[in-house]
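Chains as they are written, first to last, in our numbering: chain A, 217 to 556; chain B, 217 to 556.
Keep in mind that the hints are not guaranteed to be accurate.
Because identical chains cannot be distinguished in the list, a pair is counted as satisfied if it fits within a single copy or across any two copies.
Said to hold, decoys possible - Think about it this way: if two alpha-carbon atoms lie no more than 30 Å apart in a straight line, the pair counts; the simulated DSS-like pairs of lysine-lysine are:
1) LYS522 / LYS276
2) LYS522 / LYS232
3) LYS280 / LYS362
4) LYS362 / LYS276
5) LYS280 / LYS431
6) LYS276 / LYS431
7) LYS555 / LYS431
8) LYS276 / LYS300
9) LYS362 / LYS522
10) LYS236 / LYS362
11) LYS431 / LYS329
No wet-lab data here; the hints were simulated from the structure.
Since we're looking at a predicted model, the values are computed, not measured.
Number of protein chains: 2
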Amino acid sequence: MPDAQNRRIVLAARPKGEPKPSDFRLETAPVPEPADGQVLLRTLWLSLDPYMRGRMSAAKSYAKPLEIGDVMVGGTVSEVVESKLHGFAAGDVVQGYAGWQDYAVSDGTGLRKLDPGLAPVQTSLGVLGMPGMTAYTGLMNIGQPKPGETVVVAAATGPVGSMVGQIARLKGCRAVGIAGGPEKCRHLIEDLGFDAAIDHRSPDMPEQLAQACPKGIDIYFENVGGAVWSAVFPLLNDFARIPVCGLVAHYNDTAPPPGPDRLPQLMSAVLSRRLTLRGFIVGDFASQAEDFGREASQWLREGRIKYREDVVDGLENAPQALIGLLQGHNFGKLLVRVKQ
Amino acid sequence: MPDAQNRRIVLAARPKGEPKPSDFRLETAPVPEPADGQVLLRTLWLSLDPYMRGRMSAAKSYAKPLEIGDVMVGGTVSEVVESKLHGFAAGDVVQGYAGWQDYAVSDGTGLRKLDPGLAPVQTSLGVLGMPGMTAYTGLMNIGQPKPGETVVVAAATGPVGSMVGQIARLKGCRAVGIAGGPEKCRHLIEDLGFDAAIDHRSPDMPEQLAQACPKGIDIYFENVGGAVWSAVFPLLNDFARIPVCGLVAHYNDTAPPPGPDRLPQLMSAVLSRRLTLRGFIVGDFASQAEDFGREASQWLREGRIKYREDVVDGLENAPQALIGLLQGHNFGKLLVRVKQ
């Protein structure tokens with residue numbers, strides 16, 4: 217790629233609390249050369265997701281933390297610019313994990329070829345991708361929805377929450393979504409078909425949630441924690457299931473909050489109400505990718521599930537967009553259009 | 217029953233914190249008369265179990281609380297004194313829930329005839345009864361032990377804990393028991409075949425537990441909470457399972473403990489280590505009673521599981537025995553021999 221440069225965004229510093237722009241650094245480097253058995257990819261779309269906050273910290277979690285100076289990780293849709301790898305040709309569009317950069321080389325591991333005729337390619341990062349499959353596998357395997365049950369999810373206009381609610385509806389459940397602001401709540405009801413929508417900014421959110429769940433809560437798909445958990449907790453029915461998929465309200469915590477210590481109260485409720493809490497990441501259910509792809513594509517084709525995208529133009533704007541995501545500023549699946 | 221009196225122990229007051237003798241009252245009443253379709257039972261053995269503390273409180277739980285003046289609930293082995301019920305005859309020995317009293321009438325609901333030739337009848341209150349089945353169903357359904365895994369249980373010389381450890385061993389797991397004092401720890405190793413035993417009174421209990429679990433903890437059968445949970449928590453492996461069966465360390469709590477609030481830390485671990493916490497009571501697995509009975513009786517006959525009883529003589533001593541149980545003073549399955 218003569219003259220071309222690879223812009224990439226690296227981790228400049230580990231955030232203390234909320235990430236700030238100076239925790240990221242935009243660098244420029246030569247475009248890498250693919251070796252034999254590799255492809256050169258040019259990033260079209262970069263997915264921004266809450267898990268990225270975790271990778272910026274040094275704490276051990278389900279994935280290795282980034283080192284300072286590493287390119288930020290991220291799911292991407294890319295076009296193949298040059299191929300020295302059997303089975304891939306220039307012009308192919310692929311989903312993979314090229315990270316926050318214009319170009320990357322890959323030996324094909326984890327790459328999935330996309331058919332642009334079937335669905336917009338960026339849906340492989342949202343409704344038909346990791347977020348959609350997170351919703352599907354967590355809800356189906358851990359939530360185990362039964363007709364007539366009540367399912368509650370927060371960040372409900374996001375790519376995971378919106379799928380949780382819509383799949384819950386398809387399974388015959390009452391879907392109650394929690395989101396920030398009247399516009400998002402309107403979207404939940406009018407566009408996505410949720411049965412009820414609660415604005416988490418309302419001072420009486422807990423009372424509103426209780427009213428929206430007259431028969432209690434059977435499944436709470438946990439992706440935020442914080443005040444939403446506190447409102448959900450007293451409403452959990454006997455034998456309620458809680459797939460724990462994210463805790464975005466706590467990702468920026470720097471210390472345990474002050475007391476009282478609510479751990480014994482939680483354990484008592486786990487016992488007396490026979491609750492199930494189970495953490496998961498989508499990779500734990502990798503073997504169900506085919507089921508998910510078949511079922512979700514069909515729902516999408518039939519118009520039974522809908523999705524919304526929040527597109528930011530330009531790789532250089534990714535840091536601010538991730539900071540906003542962690543504050544709940546996005547409205548729909550947050551994507552960076554890297555190639556204009 | 218001319219001249220006979222029915223002694224019974226009722227709830228006199230709801231305990232504040234630890235129960236005290238004045239929370240119970242010994243009453244005397246006429247022996248009840250069985251109506252048609254009823255049997256008159258005379259209590260031989262009364263089982264004392266930690267769940268009884270919960271029933272003494274007004275708080276809603278999985279079972280209705282006792283009212284002040286109610287006879288204390290409890291599992292019993294009784295002999296049929298008089299039968300006006302088809303299928304029962306005077307002299308039959310039955311397991312049921314006659315409570316803390318000498319005599320009771322029953323319409324047969326929940327009564328199970330025992331064969332005194334098969335095993336000592338009081339084992340129907342311990343190793344072959346509710347505690348044994350609690351251990352079996354919680355460990356098998358929620359714990360799902362796999363050979364080579366490490367299983368930790370506290371109150372390990374009690375009727376539930378001792379079965380958890382012994383079944384874990386039968387399933388090819390490493391069994392680590394926590395108990396109070398060197399005598400109980402010796403019993404765990406020498407009599408019950410645990411791989412390691414930790415005295416929870418040791419100041420360095422957390423370090424000892426870590427040493428006893430060099431590959432971490434895959435299953436923690438939770439029946440105590442408190443300091444044991446705090447020691448177990450950092451050792452839990454990815455995908456660890458935690459059947460929550462009891463929290464005896466908290467039954468006397470009168471208020472939430474001071475901070476910091478450890479709830480967010482727990483939820484973060486549930487997520488990052490993909491933990492499963494699930495509360496249960498033995499009744500949730502009632503359909504497995506036959507499997508349990510068959511398998512446990514066979515293990516007992518073959519000498520592959522052992523049990524220990526802690527017998528208190530006299531109904532009038534039941535209150536003090538329950539108070540001691542909640543402080544960990546019993547050593548083995550705590551039983552009251554009601555009929556001398």
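- Run the structure past the numbered hints and jot down the numbers of the failing ones, going up. 1, 2, 7, 8, 10 and 11
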